[in-house]
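Trainee: Hints given; two lone chains; assemble the complex.
Each chain, letter by letter, is given below.
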Amino acid sequence: MNTREFLKILCKRSLRQSLWIHPWLSGGCRGCHMEILDAMTPYYDAARLGIRLVSSPRHADAFLVSGALTRGTASGLLEVASSLPGARKVLAVGACACGGGLCFDRKESAGPLDELLPVDFYVPGCPPRPEAILHALAVSLGLLPVKVSRESLIINRNAEEAPAR
Amino acid sequence: MSLFREAFYCLKAGVVSLGYPRGKDFIEPILPPVNFRGRLKVDLSRCSACGRCADACPARLIRISSEGEETAFRMEWRRCFFCGSCMYACPEGAVSFSREFENAAGTAQELEAEGRFKPVTGSSASQEEK
Chain D
1 MNTREFLKIL CKRSLRQSLW IHPWLSGGCR GCHMEILDAM TPYYDAARLG IRLVSSPRHA
61 DAFLVSGALT RGTASGLLEV ASSLPGARKV LAVGACACGG GLCFDRKESA GPLDELLPVD
121 FYVPGCPPRP EAILHALAVS LGLLPVKVSR ESLIINRNAE EAPAR
Chain E
1001 MSLFREAFYC LKAGVVSLGY PRGKDFIEPI LPPVNFRGRL KVDLSRCSAC GRCADACPAR
1061 LIRISSEGEE TAFRMEWRRC FFCGSCMYAC PEGAVSFSRE FENAAGTAQE LEAEGRFKPV
1121 TGSSASQEEK
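Just so you know, the sequences run in chain order D and E. Residue numbers for the first sequence follow the working numbering, beginning at 1 and rising by one. Residue numbers for the second sequence follow the working numbering, beginning at 1001 and rising by one.
No lab work stands behind these hints, which were simulated from the structure alone. Here a beta-carbon is modelled for each residue, glycine too, at the ideal position from N, C-alpha and C. Keep in mind that a hint or two might mislead.
In the DSS-like style, the derived pairs of lysine-lysine whose C-alpha atoms are separated by at most 30 Å in a straight line are [unchecked claim]:
{"no.": "1", "chain 1": "D", "residue 1": "K8", "chain 2": "D", "residue 2": "K147"}
{"no.": "2", "chain 1": "D", "residue 1": "K12", "chain 2": "D", "residue 2": "K107"}
{"no.": "3", "chain 1": "E", "residue 1": "K1041", "chain 2": "D", "residue 2": "K147"}
{"no.": "4", "chain 1": "D", "residue 1": "K147", "chain 2": "E", "residue 2": "K1012"}
Label pairs and their calculated CB-CB ranges [claimed, not checked]:
{"no.": "5", "chain 1": "E", "residue 1": "S1065", "chain 2": "D", "residue 2": "R58", "range": "42 to 52 Å"}
{"no.": "6", "chain 1": "E", "residue 1": "P1091", "chain 2": "D", "residue 2": "S82", "range": "42 to 52 Å"}
{"no.": "7", "chain 1": "D", "residue 1": "R4", "chain 2": "E", "residue 2": "S1096", "range": "41 to 51 Å"}
{"no.": "8", "chain 1": "D", "residue 1": "S14", "chain 2": "E", "residue 2": "S1096", "range": "39 to 49 Å"}
{"no.": "9", "chain 1": "D", "residue 1": "S149", "chain 2": "E", "residue 2": "M1001", "range": "52 to 62 Å"}
Extracted from the complex, chain E is given alone in its bound form (with noise of 0.2 Å):
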């Protein structure tokens, strides 16, 4: 009797595992949880490389330097550990964390981002919001 019992609660159960580039129901794609941190995002119109990202960051990965007129931002992600305390120290709100979380990479220089820009002065960024 417990054999019934044990096949009832099974079939009770139906699909339990995740289709992999789909989700449960083998159509809806899936998705974390809202705050999840994925793919870090640097939004460069709004930096005003005051550099406490770089100073923040546990793994040292963040680098600004300037060259000339412009700054330099570089970074090598494939360290990052996914702390959040490069977006929680930034006082515009240039870095943010996207729910994307398929990274594997063929190279690491695909892990590597460079980008060169003109900082805003001070909190204009911010301010402009307001």
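Chain D extracted, bound-state conformation (with noise of 0.2 Å):
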């Protein structure tokens, strides 16, 4: 094991106990940002997993964007990304930041968020649930299995059906 292996680990196993996560909201109907902040609310509770908000990006170790990426936040958005620590974990909450929502093809539409951030998860929902948001922060430290997958989408009774004849 090289030093590089051993201090991700080591990151890994830290960060189990202590997410700090900071919300970046680039406009929109706010639906994905209050959701974020429902999951931190004494009722769902994130903080007994140890995930807490923090107001400065520097200090985060995830970076969750929700809302409609356009032309104009798409530099604040970099902006506030390039203060961003190295070993972050970045996520696109919504259908907006996933692939661009509704209005991925208007001109005022910057995309979705993979085309200016390396992305780690997508959080589809519109809004997702409180816990759709913990689900994937679990799956961001490991805590929990990825659930949905192309085979899960589309069922096709007819293909399954043919090989056992």
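Mentor: Set out below in structure tokens:
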């Protein structure tokens, strides 16, 4: 085991108890931003997992981007992303950040988030439930498995029956 | 005296928070309401490739194209915002939403679905049920 792998494992184990997140809203309807803040309330109680909101991107381990990215906010996003630490997770929360949403082909839209930043995890939903955001954060820490797959979206019963015959 | 009253109310409420992978009592799993629109499920064995879901979708994430004898159904699901237009537009009832909401994925390719099938002609699938 070389030093790099050892440091990676150390980072992963230390983050398991305390993940500091910085939510960033890029305009839009603010629904996903409200759900991120909802996940931090005593009802969903993300604090028992060590997840904490921080106001500065310099302290953040995970960067949660929500909202439709526009050409006006894209430069601001890149400025904030440049001040993030190197070992961070970028999560695209909501349909707009994941794939552009409803306005994906309008001229004001800067496209999905992965055209601007390397995205680690996608959280589809409009808005995603607070539990879904907690699940995404748990997946990014390696606590829970990914549950969606290409096969789970499309069912073809005829193709399933054919090889049995 | 008001302190005691406050303490009484707080203790009376019991555990309020939801222990996420489990429910409020930390035993039962969480289930959203009955009509919750979670993961999109397309049953290609009932699809007649009429293309009404592709026309109805405001984000235009469904693409149906014919490739030789077969029909290809492609979907960029990460753009979906769960309006349910495809479900209401489908005459065969092939599109439905399940109650699963934990849809986080590591890559965009996991949220893109593709399927090839031979469409049922007319509305035979719905007639068989009757």
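Trainee: I want to verify a distance hint. Is the separation of the beta carbons of R4 of chain D and S1096 of chain E within 41 to 51 Å?
Mentor: For S1096 of chain E against R4 of chain D, whose Cβ atoms are near 47 Å apart, the range 41 to 51 Å holds.
Trainee: Confirm or reject the claim that S149 of chain D and M1001 of chain E have a C-beta distance inside 52 to 62 Å.
Mentor: holds (59 Å)
Trainee: Can you confirm whether the C-alpha distance between K12 of chain D and K107 of chain D stays at or below 30 Å?
Mentor: Violated, because 40 Å separates the two Cα atoms, which is more than 30 Å.
Trainee: Has the given pair, K1041 of chain E with K147 of chain D, been kept, meaning a C-alpha gap of at most 30 Å?
Mentor: holds (14 Å)
Trainee: Given the range 42 to 52 Å, decide if the beta-carbon distance of S1065 of chain E to R58 of chain D lies inside it.
Mentor: Distance hint for S1065 of chain E, R58 of chain D holds at roughly 48 Å.
Trainee: Is K8 of chain D within 30 Å of K147 of chain D, Cα to Cα?
Mentor: Distance ~25 Å between K8 of chain D and K147 of chain D Cα, so the pair holds.
Trainee: Taking the Cβ atom of P1091 of chain E and the Cβ atom of S82 of chain D, is their distance within the range 42 to 52 Å?
Mentor: Holds: the Cβ-Cβ distance is about 51 Å, inside 42 to 52 Å.
Trainee: Between S14 of chain D and S1096 of chain E, does the beta-carbon spacing fit 39 to 49 Å?
Mentor: Holds, at about 43 Å.
Trainee: Are K147 of chain D and K1012 of chain E close enough, with their CA atoms no more than 30 Å apart?
Mentor: violated (37 Å)
When the structure is compared with the earlier hints, violations turn up for hints 2, 4 and for no others.
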